[in-house]
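Sequences and hints are given; from them, build the entire structure.
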Amino acid sequence: MLRSLGIRTEGFALVLADTGAVPVVRLSGNGDGEVVAPLDRTLKQLHEELVDASVRSVVVDLGELYFMNSSCLKAFVSWIYKVRTSGKPYQIRIQYNPNQRWQQRGLEPLQRLAPAVVFLDQIGASKSSGASAASGQVNGGRNG
Amino acid sequence: MADGSGESSGPPQRALFVQLAFCPTPSLVSGIARLVSDFCRTGLRDLDVTTRFHMAAHELTENIAKYSTSSRAMLEIELTEGEGSRLLTLRTRNQTSRDRLVEVEKRLKELQDAVDPVQLYDRLIEETAPLEGVSGLGLARIRAEGLSFNYQISGDELTLIVQEPLPPPAPRVAEH
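Residue numbers (the numbering used here), protein chains in the order written: chain L, 1 to 144; chain E, 1 to 176.
Treat each hint with caution, since some may be false.
[What the hints assert, rightly or not] Here are the computed distance ranges between Cβ atoms for each label pair: (1) 155/E x 52/L: 53 to 59 Å; (2) 167/E x 86/L: 46 to 52 Å; (3) 83/E x 48/L: 55 to 61 Å; (4) 4/L x 99/E: 40 to 46 Å; (5) 118/E x 52/L: 32 to 38 Å; (6) 37/L x 110/E: 24 to 30 Å; (7) 110/E x 41/L: 27 to 33 Å; (8) 84/E x 19/L: 54 to 60 Å; (9) 86/L x 112/E: 36 to 42 Å; (10) 127/E x 121/L: 25 to 31 Å; (11) 85/L x 165/E: 37 to 43 Å; (12) 85/E x 108/L: 27 to 33 Å.
[Unchecked claim] Quick look at which bits of chain E chain L covers, simulated, 3 or more residues with Cβ under 8 Å: (13) 38-51; (14) 127-139.
[Claimed, not checked] Chain L residues, not near chain E, derived (Cβ > 12 Å throughout): (15) 2; (16) 4; (17) 8; (18) 13; (19) 15; (20) 19; (21) 20; (22) 21; (23) 42; (24) 54; (25) 89; (26) 93; (27) 95; (28) 119; (29) 120.
These aren't lab readings, by the way, just hints derived from the structure by calculation. Even for Gly, the Cβ is constructed at its ideal location relative to N, Cα and C.
This is the structure we're talking about:
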């Protein structure tokens with residue numbers, strides 16, 4: 001069983017939305033410079049817990065994430081590298097929002113870094129039809 | 001003056017621009033990037049270009065907030081129209097240390113010379129993956145997303161120029 005972990009700031013949130021056999025981590029808001037340190041810390045903690053729990057895969061839901069800077073992407077790179085080189089690798093299934101045009105472009109390099117670890121899944125029409133997810137805006141939300 | 005700008009000669013007609021002087025501080029980064037994306041949305045109505053310039057503005061302004069050695073920096077976003085073409089230019093200017101200038105010029109030359117910017121970005125990701133506390137991916141990310149990258153160095157002042165040639169606007173249908 002995973003412990004509760006997460007980040008909540010004025011413009012960004014990371015929550016463990018499901019702690020079952022396939023845990024779901026949901027990111028929302030704006031991943032800017034103020035988020036880098038807590039994100040890096042939280043992903044390290046998450047990795048340790050996922051390894052301890054012997055999970056086979058984890059879902060990362062980016063449906064409501066409006067932007068991620070390169071330092072936040074680097075936190076993901078570090079995480080993926082750890083998974084790739086650990087003795088107990090698991091799948092990271094990243095659900096991206098096609099209406100947030102930066103996401104697929106920004107995430108494809110992560111998949112190329114570890115094709116056996118990272119999988120990109122486009123969020124379906126029903127999911128992306130929500131008000132903010134469907135807006136296609138790059139600056140949605142307060143800090144987006 | 002070091003100059004890798006390659007900015008084209010001949011004065012195109014200025015169509016739309018915003019120039020902003022700002023204090024380099026992390027708390028302003030997101031707001032400035034939002035201003036750039038609002039400008040692009042207003043002037044272009046092209047979501048792909050808007051999101052790439054939003055990203056570029058965010059990365060450049062964040063670097064300025066990290067490395068600027070003075071309390072004043074400048075950002076300009078400009079849409080110009082020439083004969084049958086348009087050009088979107090994002091330009092930032094700030095003062096920084098000699099060490100930083102040497103480091104950034106080396107990186108910018110590497111980006112300019114890259115035959116395949118995506119491959120270079122992937123290589124940098126691979127190289128930095130095991131390193132703690134190191135990103136250094138922002139400039140390469142901008143280049144990998146297809147934006148052209150130029151620079152000028154004058155004394156301790158660094159000017160970065162990101163450009164995207166755009167097709168002419170679609171002709172408007174006359175209303176009767």
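Do the hints match the structure? See the list:
no. : hint                      : verdict
1   : 155/E x 52/L: 53 to 59 Å  : 54 Å, holds
2   : 167/E x 86/L: 46 to 52 Å  : 47 Å, holds
3   : 83/E x 48/L: 55 to 61 Å   : 60 Å, holds
4   : 4/L x 99/E: 40 to 46 Å    : 43 Å, holds
5   : 118/E x 52/L: 32 to 38 Å  : 36 Å, holds
6   : 37/L x 110/E: 24 to 30 Å  : 28 Å, holds
7   : 110/E x 41/L: 27 to 33 Å  : 31 Å, holds
8   : 84/E x 19/L: 54 to 60 Å   : 58 Å, holds
9   : 86/L x 112/E: 36 to 42 Å  : 37 Å, holds
10  : 127/E x 121/L: 25 to 31 Å : 28 Å, holds
11  : 85/L x 165/E: 37 to 43 Å  : 41 Å, holds
12  : 85/E x 108/L: 27 to 33 Å  : 29 Å, holds
13  : 38-51                     : holds (count 5)
14  : 127-139                   : holds (count 8)
15  : 2                         : 24 Å, holds
16  : 4                         : 25 Å, holds
17  : 8                         : 17 Å, holds
18  : 13                        : 15 Å, holds
19  : 15                        : 21 Å, holds
20  : 19                        : 28 Å, holds
21  : 20                        : 29 Å, holds
22  : 21                        : 28 Å, holds
23  : 42                        : 15 Å, holds
24  : 54                        : 24 Å, holds
25  : 89                        : 14 Å, holds
26  : 93                        : 19 Å, holds
27  : 95                        : 18 Å, holds
28  : 119                       : 17 Å, holds
29  : 120                       : 15 Å, holds
In terms of the numbered hints stated before, the structure departs from none.
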